[in-house]
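Chemist: Sequence:
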Amino acid sequence: AAPSSGQPGWRFSNRQTTYLVHLPQTFSAYWTSLSSSVRRSFERRKKGLNQKCHDDVRMRRFTQKEEMGLLHQSLTAVWQRSWHAKFGMYEPPPLPCLEGLAAEGWMRSYVLMAEGSPVAYQLGYQYRETYYCDSIGFDAGWRDYSPGKVLSHLLIEDLFGERTLRTLDFGFGYNDYKRDLGNHAEERAQASLALTARGRVVLSGVDASERLGAAARDLSRKFGIYKRLRDRLHQVSAPRGNEPGGAKGGG
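Position one of the sequence shown corresponds to residue 204 (the numbering used here), numbered consecutively onward.
Just so you know, these hints were derived from the structure itself, not from any lab.
The structure presented is a predicted model; accordingly, all values stated were derived computationally and were not measured.
Mixed in with the good hints, there may be bad ones.
Unchecked claim - Taking CB as the label site, the calculated pair distances span:
1. Gln267 to Arg218: 34 to 44 Å
2. Leu237 to Glu389: 11 to 21 Å
3. Gln276 to Ala306: 10 to 20 Å
4. Thr370 to Thr266: 14 to 24 Å
5. Ala400 to Gly291: 27 to 37 Å
Glycine residues also receive a C-beta, built at the ideal position from the N, C-alpha and C atoms.
Work the whole structure out from these sequences, hints included.
Modeler: Listed below in structure tokens is the structure:
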């Protein structure tokens with residue numbers, strides 16, 4: 204029964220498959236557990252990016268409060284050149300938020316640098332034995348070199364240096380790379396609690412919007428246009444004239 208006007212209201216999203224990586228003792232043990240086609244695909248992308256940049260590719264990990272200023276600059280520079288920015292989605296958190304997480308010892312984020320400029324990032328947090336992936340973004344001008352996937356590959360390898368970690372949680376949202384790199388899957392749902400009548404109206408709107416979006420995605424996948432639409436969005440949102448190597452200084 205629906206709650207009365209004086210009762211809180213719960214909303215549960217549709218169940219989704221979420222992917223995780225259960226970290227074995229060594230990266231080698233993890234990597235060889237994946238299919239040969241997945242390994243070849245990620246190794247090929249990493250090799251292609253390194254060849255394009257003459258091996259001037261590196262990943263930086265950010266954990267300390269005093270590093271948050273540089274992290275925020277890098278996140279913002281990449282986000283502004285990503286397809287997310289075109290639609291105002293997944294904007295990086297403000298600097299005080301990043302500093303607060305770092306002060307608690309939870310921050311663990313990564314930035315991929317190519318030819319001295321940030322081209323991809325993974326915002327994430329470490330709590331107890333689990334690393335939680337939050338948002339990932341990449342410079343659309345580098346999309347042909349899959350910098351986001353290269354970064355995911357490299358950061359998983361980096362996690363093996365932190366022996367207190369046992370699990371990487373990719374979180375909600377389906378992406379091929381999560382399925383390919385994950386070695387465990389779970390069914391989950393998100394829960395939201397509204398404490399006021401106005402809040403319940405908002406949650407009802409969110410629920411209707413998600414159902415409509417899910418129906419649209421199902422139809423587009425059924426007729427084979429989902430991937431083409433997604434690729435087209437990436438293409439039209441790439442900054443004009445932003446060829447790889449032309450984003451010096453994050454401009």
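Chemist: Does the Cβ distance between leucine 237 and glutamate 389 fall inside 11 to 21 Å?
Modeler: Holds: the Cβ-Cβ distance is about 18 Å, inside 11 to 21 Å.
Chemist: Okay, threonine 370 versus threonine 266 on CB: inside 14 to 24 Å?
Modeler: For threonine 370 and threonine 266 the Cβ distance comes to about 18 Å; the hint holds.
Chemist: Is 10 to 20 Å a correct range for the gap between the Cβ atoms of glutamine 276 and alanine 306?
Modeler: With a Cβ separation near 19 Å, glutamine 276 and alanine 306 satisfy 10 to 20 Å, so the hint holds.
Chemist: Do the beta carbons of glutamine 267 and arginine 218 sit within 34 to 44 Å of each other?
Modeler: 38 Å, holds
Chemist: 27 to 37 Å was suggested as the range; check whether the CB atoms of alanine 400 and glycine 291 agree with it.
Modeler: Distance hint for alanine 400, glycine 291 holds at roughly 28 Å.
Of the numbered hints listed earlier, not one is contradicted by the structure.
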